[in-house]
Amino acid sequence: MTEIAREFPAQTPIVAIVDDDPAIRAALARLTRALGYAPAPFAGAEPLLRAGPFSPEADGSTIAVVITDVQMPGLSGLDLLRILHTRHPALPVIVMTAYPSEANRARALASGAFAYLAKPFDAEQFEGCLRSVLGGAPMS
Amino acid sequence: MMRMRQVFSRWPSRATPSARVERAVGRDSGAQGIDDDRLPAWMLAEPDSRAGAWLRAFGRAVPLVLVPAALAYVAGANRDDADARLTGAVAALAIVGATILAARLAQARAASAASLEAIFERAGISMWREDWSAVGDAVAALRRAGVVDLESHFAARPEALRALRARVIIRDVNRFTVEETGAAGKDAYLGPLDRLLPDTDQTFVQWLVAFGRGDRFFRSEAHVVRADGRGADMLFTAMLPRDRAGFADILVTALDVTGFKQAQQRFAVADTELARASRITTVGALSASIAHEVNSPLAAILANAQAGLRWLRRPQPDLAEATAALDDVVAEASRARDVIARTRSYLGNAPRASAPVDLLRVAREANLLVEGELRLHRAAVHIAAEGEIPSIAADAIGLQQVFVNLLLNAAQAMAEADGPRDITVTIRAAGSQVAVDVIDTGPGIAPERRARIFEPFHSTKAGGMGMGLAICRNLVDAHGGDLWVDAGPGGGAAFHFCLPVAA
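If you're matching them up, the sequences are chains A and B in order. Just so it is clear: in the first sequence, position 69 is 69 by my numbering, and no numbers are missing. Just so it is clear: in the second sequence, position 38 is 38 by my numbering, and no numbers are missing.
Chain B on its own, in the form it takes in the complex (with noise of 0.2 Å):
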């Protein structure tokens, strides 16, 4: 069976989980992370802080002082005068040699703490160096009691995850990041993470997926709002800390991927408007195609009809054409019924290819499609799956329709919102099918419009069709399930549908 929890990444390269890495490298803290009920290596790591790597340190100098100082003394008690002067001077040349030595080590770490300083400040790629202890002990809570899914957790919990994203401080970012955004200073970056990360980020949560789980680095593009208002498209990459005290100080690179991500945009605008060019190519030749096949037998339908009744209506009716006219609209008659059952048939095999589909990967990849759109609308998604989610067997381009739709409904329908907009997806098994809640927190549907939204070319939008909620839930009557909707939680709409799962 596939994992469905996979981490959120647009970029081919996903993190990996630490246990894999643990395996490859050493056993030192054992295999975790493979199983999701376990807790992350870094949890379980004993603390390794400064003063306790500085204790150590005092420890091993200890000895260098104090042995030729009791050698000294021991020998002093024994011996006569000459052989103690030189035990004692053979101790103070110790202490002198460790003072000297203790002198050198601090020189050579003051100098190694400065080249460490000036890679940070001139490496030609951003670095931001952030505190997310706030986060490492929220996590640590959660996965000590029991939270296994916490992507879960936090879709059912929005303002929760706000909260948390709050907490997260840039301390510090080296001088390529302001050189490169040619920001004032590095002031314009330091202080909350949420200032830089705009409501509609889906991104943090994965990073909190990635802790829980102890992945051993995180690599995810997020869409920031810079200091001075411009958006930008970065990759974020982190090495993850290996124990909580490491929480304090992550270093992230961040790469702005903004102009490739501008071209893949382009791309794939191009790329739908090809695709719905030819499919207008298609819709045409073939309707052209249906009207021929058609209207031929219609023609000699109608006209076999009025001879017929022509023949009926003389004063001498001439039964023998009448019969022979009608035996002619009978045959023409059953061609286009021939024609229309081929047609269907065509139309019905053609497109619908029925394979097995991961429901979660095809809510993302929608969302991936209209992630321009809902961020113009400030529409937060959160989408998440309770537990192993089947596969089903379904139409994946259909699918994705669905989820299109109801998220761009979603975000229409908050478009006039105070207060946050949030759109959360869920999915999970139920029996023998798979349920997906799709809820906003906008002003809702009043029961009595909720069957007639449902229909073709209802519309409450300027310039809009009316056809989407229309096409949804043909979609879904095709592969054998249903969609409706009611109100959620928060008073906002509630579309739920369900599909059966793939025998």
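Isolated chain A, as found in the complex (with noise of 0.2 Å):
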């Protein structure tokens, strides 16, 4: 992560991208990118958890925010999102499935996700999101 925020101005908001599925990452971070924003991409939860703005030491305050895939090995998205907000409670986590359901929704957004993105959705509606958790438009 720290090779991809390198490439940025050192205010350039951080998007960490946690999905298992590589295309998504990379789609994700490229589009994240176009929007002037720096994207940092994880394979799944465990991966970031270990990353060092989250050790346990650290305060994540690095990170703007987090976009989760909800299905993925190990910790699930809903599983990472709950760890976030008990540590980092003001950290933002934005929650994506491509098995949307209403359940599923509800239960994100109970355990105090952001927002709440099926697959697949359209660049405005991310854009919406980040704009919306980081306030102002980015540098670009």
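Heads up, none of these hints are tricks.
Sample of chain A residues facing chain B (criterion: CB under 7 Å; computed from the structure): (1) D21; (2) I24; (3) L28; (4) L31; (5) A34; (6) Y99; (7) P120; (8) A123.
In short, the hints are calculated from the structure, not lab data. Here the structure is a predicted model, which is why all the values come from computation and not from measurement. Don't be surprised by glycine CBs; every beta carbon is placed ideally from N, CA and C.
These two chains come separately, so use the hints to put the complex back together.
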């Protein structure tokens, strides 16, 4: 993640993208970059939680927002959401899924998700989410 | 090759053609019935009437009287008076003896008739004595005229079949019949058979088939309507007559299997519900999995395409980023295409088990499945095969669905019809295909509507999905066949489909 973040100016908000599907990871990273944010892709919840910003001693403030898939091997997106919500209550988490259901949506929002996106989603939806989380226009 | 024409019986055991029984028991009337073209044994049997039996008995009694009398006469002519008196006395004695013997025989006969009567009345099973003479004559006439396939013959002439049914007379029923059903008396049963057998009955024609083929016994289940209007499912069995005279008095036993049938039906319904529930579960799981498999590449495609657009629309377009995005769009679109292809091949292979199928049997099974509903619509189904039907390579369940839909469709189409409600299903070989006609006596389908009725969600029925005929056409198409509709000879709808014969 650090390599990607380095390409951007220091103040660029970092968007962590957590998905076990490499194609989605790459596509969302590309879209995030096109929107002017710095993507930090992770293949699952565990790699994210092991990463520097989320180590027990760090406060996680270097990451501006986490967008995570729900169905993943190991910890699910909802597990990750609960953990992050406990450790870093201020960190916004966006949940996305290819199995959209009302139950999942309700569970995600009840667990403190900032938004719930059903795959496939529009760039506008994605951008709208990021902007309302991060506020204002990103640097481009 | 399997025999396609078989006795319609919902009971596991079917009537045995006479030939097999004759061979096992003895060869008194020759082997009949194996070859459909030969007349049954009963049509060829010598008349064996009561009068004949009486004449034979008389013939045996005559010498008993005449021989001593003749001896007395001869002796009297040649001997003296004492001898003549003696032989005269012997002759008189013989005559008296013969008379006593005859009286005893008559007494024994009366006693045995009384005991037979007692057995009939006291038996703990329902027994009916029926006069089928008119049917015997009709079957004999048709067979002599060269009609071999009586089922097809009557399938095309439902009115003739009805007329014949009215000519079968119930002469007597035993006491058990009355007691079991709580009828007021025997009168509730006596009279023409069609009072009891509703118009929807399909078993009557099978009696004719059994007679025509020379079966030795008959067994079939029929739904009857009793004098009090209650319906009952009865299992009828009878030994069939061995000569023409026997048709005047056929003894039929009747077993009430209503409770058994209801249990069977409940089981079938539960079974269907279970199958439906598991199908819904499977479809649900499958569609969720397809959604996930397809939504993932779609999400990547959408994100890449929109990222690419943004890179291109910048004041200084970034062609490298845009190209990379488009490369990924192509890769993910192929992935989505593969998912669809995989799903199709899975769905295409799994349920369509193709095996040799006997279409006549499929039609009959479908008919049994919806029997209750057809009865509610007062529709009478006549199913017949013309000649031998080659088996076809098909998915039997799918074709059963086609028959079920066509039968229900026909019954519903006739719901408003006055007069007879007949559905005639005819199956025949036509070159390298098997052709099926399903013809009803309803109002028919106007020519301008005929194409539209096969479209999905086309429905004229309240609460109907309008999917039945669309599903039928898809199923027939999937078997390489064709399904269409035109008008039947009586103005009703005539659905036709043909399927290729197994290679």
